[in-house]
Structure formats: C-alpha cells, structure tokens
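*Asks:* Listed below, chain by chain, are the residues.
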Amino acid sequence: MAETTAFELVTPARVMMAVDASMVVIPGSLGLFGAMPRHAPTISTLQRGVVEVYVNGTVNTRIMVDGGIADVTEDKCVILAERAVSLDNTQRSDIESQRQTADTNGNTRELEFLDAVLDAL
Amino acid sequence: MANLKDLKNRIRSVKSTQKITSAMKMVAAAKLRRAQDNAEAARPYAARMSSIINSLASKATPETAPTMLVGTGADQRILLVVLSADRGLCGGFNGSIIRATRREVERLKSEGKTVDLLMVGRKAKDALKRELGDLIVDSREGIQGTAVSFADIDSIADVIRERLENGELDRCLILYNRFISAITQEVTLSSLIPVEVEETEAVDKDSASSAPYEYEPDEATVLEDLLPRNLSTQIYTAILESSASELAARMTAMDNATRNAGDLIDRLTMEYNRRRQAAITTELIEIISGAEAL
Chain W
1 MAETTAFELV TPARVMMAVD ASMVVIPGSL GLFGAMPRHA PTISTLQRGV
51 VEVYVNGTVN TRIMVDGGIA DVTEDKCVIL AERAVSLDNT QRSDIESQRQ
101 TADTNGNTRE LEFLDAVLDA L
Chain G
1 MANLKDLKNR IRSVKSTQKI TSAMKMVAAA KLRRAQDNAE AARPYAARMS
51 SIINSLASKA TPETAPTMLV GTGADQRILL VVLSADRGLC GGFNGSIIRA
101 TRREVERLKS EGKTVDLLMV GRKAKDALKR ELGDLIVDSR EGIQGTAVSF
151 ADIDSIADVI RERLENGELD RCLILYNRFI SAITQEVTLS SLIPVEVEET
201 EAVDKDSASS APYEYEPDEA TVLEDLLPRN LSTQIYTAIL ESSASELAAR
251 MTAMDNATRN AGDLIDRLTM EYNRRRQAAI TTELIEIISG AEAL
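Chains W and G are the protein sequences, given in the same order.
All residue numbers for the first sequence refer to our numbering, where the first residue is 1 and numbers rise by one.
All residue numbers for the second sequence refer to our numbering, where the first residue is 1 and numbers rise by one.
Source of the hints: derived by calculation from the structure; they are not laboratory data.
In this text, all values refer to a predicted model and were calculated from it rather than measured experimentally.
Idealized CB from N, CA, C, for every residue including glycine.
Don't take each hint at face value.
Simulated restraints, written as ranges between beta carbons of each label pair [to be verified]:
1) W:Ser93 x G:Glu196: 35 to 45 Å
2) G:Thr114 x W:Val50: 46 to 56 Å
3) G:Asp6 x W:Asp94: 54 to 64 Å
4) W:Val50 x G:Ile20: 35 to 45 Å
5) G:Asp37 x W:Asp94: 19 to 29 Å
6) W:Val50 x G:Asn260: 54 to 64 Å
7) G:Asp37 x W:Glu112: 24 to 34 Å
8) G:Gly262 x W:Arg62: 55 to 65 Å
9) W:Asp119 x G:Glu196: 36 to 46 Å
10) G:Asp126 x W:Ala18: 36 to 46 Å
All chains should be built: construct the whole structure from the sequences, respecting the hints.
*Replies:* Dropping the structure here:
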C-alpha cells in the first residue's frame, strides 16, 4: 500500500522518531487503536503502553511510552510523550541500571515504567 | 607611586586573570552549543503541545474550562516565577532579570495586587532577599545547566498547581531571559496561567480546513490531562532558554573581560618598559656625572 501517514514521536528532549508509516498502533486510554492514512481526526490521551509503528505492513519499531497524547489527522499522526523508550535498540542492562537509580531515588513512577519496559523487551 | 616590582606583580596578576576569563569563555562557548541544541530540540514538543491546546481552547467556554486554562477569573493574587542563574560572572544576565522583577513587582503592587515570588536560581533570590524577601514563597537552586531533568520541572509545576488548587493564586507569570542569539537575550514575561492562546482567527482557519476532531475519552478529560503537561513544558522550555541565555551572556562577558585584560596588560607593559628605561637612564647619568666629577 503506497499511502502512508506521517508519524512523529516527540518527547520534550527531541523528536525521537519521524517516519512515514502505513499504520501506527496507539495505546489510547480507551484501548488500543490503529492510526492509518485517512483516519478520522482524533485527539486521544494515552496510557502506558507500546506504540507499534508499521512500515510497509510490518512492525518496524516498538516504543514504550509512559502516557502522553496523540494527535491523529488524516495524513499525520503525532504522539507527544514525556517519557519514551524504544524497545528495539535498547539493552536490557541499560534499563536495569536505570531501574537501580530510580529505585534508590524512590521514584516509583519511573520504576513502574521501567518494569513495564523490561516486561516488553 | 608604584615601583618596578609592583608593576611586575600587577602584570602577572592581570595575566592570570586573563587566563581564567579566557578559559571561562571557552567553557561557556562549548556548553552554549549543547544548551542551544537542547533548547532547539525542545521546540517541536512545545509547538505541537500548544497547537493542540489552541484547538481545544477555542472550543472551551469560560464557564466550563478548567482553571488551569483560563485562571480563576479573578486577578488578585499573582505568582511570578523568576528564572535567574545560580552563578555570576555572566554580564548583565542576572542584573536585567533582577531589574525586571523589581519593576514588575512594583507595577503589580501599584495596581493593588498581591504578588508572590517563586525564585529559580540563586542570584536573583540573593539579590532580592532583602527588599522582597517576604514575597518569596519558594525557591529552587541547581536545576539549570546542560541537563535539565523533567522531575525538577515537575516539582516547580507542583507548587504552582497546589497554590492554584488552594486558591492561593489567580494568575501565574514567568519571567526569564529568552535566547535570541549568542549576543542578544531578551527579558520576557509570559503567562503560564491562564494559558496563552493564539488569536482565535488562526485556529478557526485551521479547523475549518480539516474535519472536526474526535476526542478520546472526551474534551474535558483530554484537557485535564494536557494542561499539567503543558504547564511543565512551558517551564521546561523557559528554563532551557534561560540556561542558553546565561551561557551566551557569560561567553560575551568573558570575551570582553579577556580583551580588556589584554589591553590592560599592553598598557602596563608599556609603562613598565618606560619606567625600566628611565631607571637605566638615571643610573647611566649618575655614573657619567660621577666619572666627570673626578
């Protein structure tokens, strides 16, 4: 399928990913939904979960987000997330060391998020 | 009158000062690049965020909109967040923020409003502690720099949110140095609560061209979720801008200081050489006239 939707995942620190995707599966707060080209314009809050980006019909990238907001229009899909970790090129050991720091700092939210990342890896 | 030895010491001391200022300039320049990159990288997030807020805000009516979007409606208690640096030696950076704070507090007071201050950064707090100390409700230190963490920002946002919920503020403003270029920084006052919404015309045009949005779960929930994030984002971008400005100001100031030190060294060296020659000449005259007298 030639038609694509311009997918962007933006965190406060940077534009983490920008790609033309054939479908993006988004963990909306009312459940997963797929954003494909010509999707009805939607703004949805997100829950903690995995964003799956399909390029040419196969999963290209999986990114764990810790809540956020998605802005889907007919030809665009923008996700704003404060915390996002790509599941493809992340080492388990990195996450585990981050988990240690979160544990010592007593940052429970971060801890839960990293646990979820470890589960999904 | 300074003798040769004093002059020599003076030159040595200026030279070591010059070394320090030129090192500081170099460090600031290197850090500035990173800070500038950070500030630029944060812009897309903030821009997207405000475009979503804009499209939501144009639909919200003043009666139903959350207070975080429109304020409490009253205009009595104002919280002013002031961003300054933790360290000095950065030219007019802190001075201009301190001046602007003083002016703003004065202005708001003359309008009969109650002003509270939240100071981020040590310099402005120290400078204003004496005259405006009783207005300072909270302060933060050591959160600026090249790595600004979102957790620190949240702690500031929490203070604002709490005060809003407790009815301790009607409006919240933020005062910071906006980074324009390495040589210009501009003191900027912008509003955190109510949220600054762009003119509705632009929004209308935008929403007319595309189909109306669906909101999941619903508009109110999305706004409720979005506004605290937006608050943090606004503070975050302001702090990044302020950090970049601080480094730029320090770089310029230290560049000037290095150049001044160079001029001073030239002048002192010239003076030193002249004195040295004078001393030699005097000695020679003494020897010659001594020989002649024989």
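*Asks:* Hints first: check each against the structure and report whether it holds.
*Replies:* Consistency of the hints with the structure:
Roughly 44 Å separates the CB atoms of Ser93 of chain W and Glu196 of chain G, a value that falls within the hinted 35 to 45 Å. Between Thr114 of chain G and Val50 of chain W the CB atoms are about 48 Å apart, so this pair conforms to the stated range of 46 to 56 Å. A hinted range of 54 to 64 Å holds for the C-beta pair Asp6 of chain G and Asp94 of chain W, which are about 60 Å apart. Remark: the range hint 35 to 45 Å for Val50 of chain W to Ile20 of chain G is contradicted by a beta-carbon distance near 52 Å.
Between Asp37 of chain G and Asp94 of chain W, the C-beta spacing of about 22 Å keeps the proposed range 19 to 29 Å intact. Separated by about 58 Å at the C-beta atoms, Val50 of chain W and Asn260 of chain G satisfy the suggested range of 54 to 64 Å. The hinted window of 24 to 34 Å between Asp37 of chain G and Glu112 of chain W holds, with their beta carbons roughly 31 Å apart. The supplied range of 55 to 65 Å is met by Gly262 of chain G and Arg62 of chain W, whose beta-carbon atoms lie about 57 Å from each other.
Between Asp119 of chain W and Glu196 of chain G, the C-beta spacing of about 40 Å keeps the proposed range 36 to 46 Å intact. At about 44 Å, the beta-carbon gap between Asp126 of chain G and Ala18 of chain W stays in the expected band of 36 to 46 Å.
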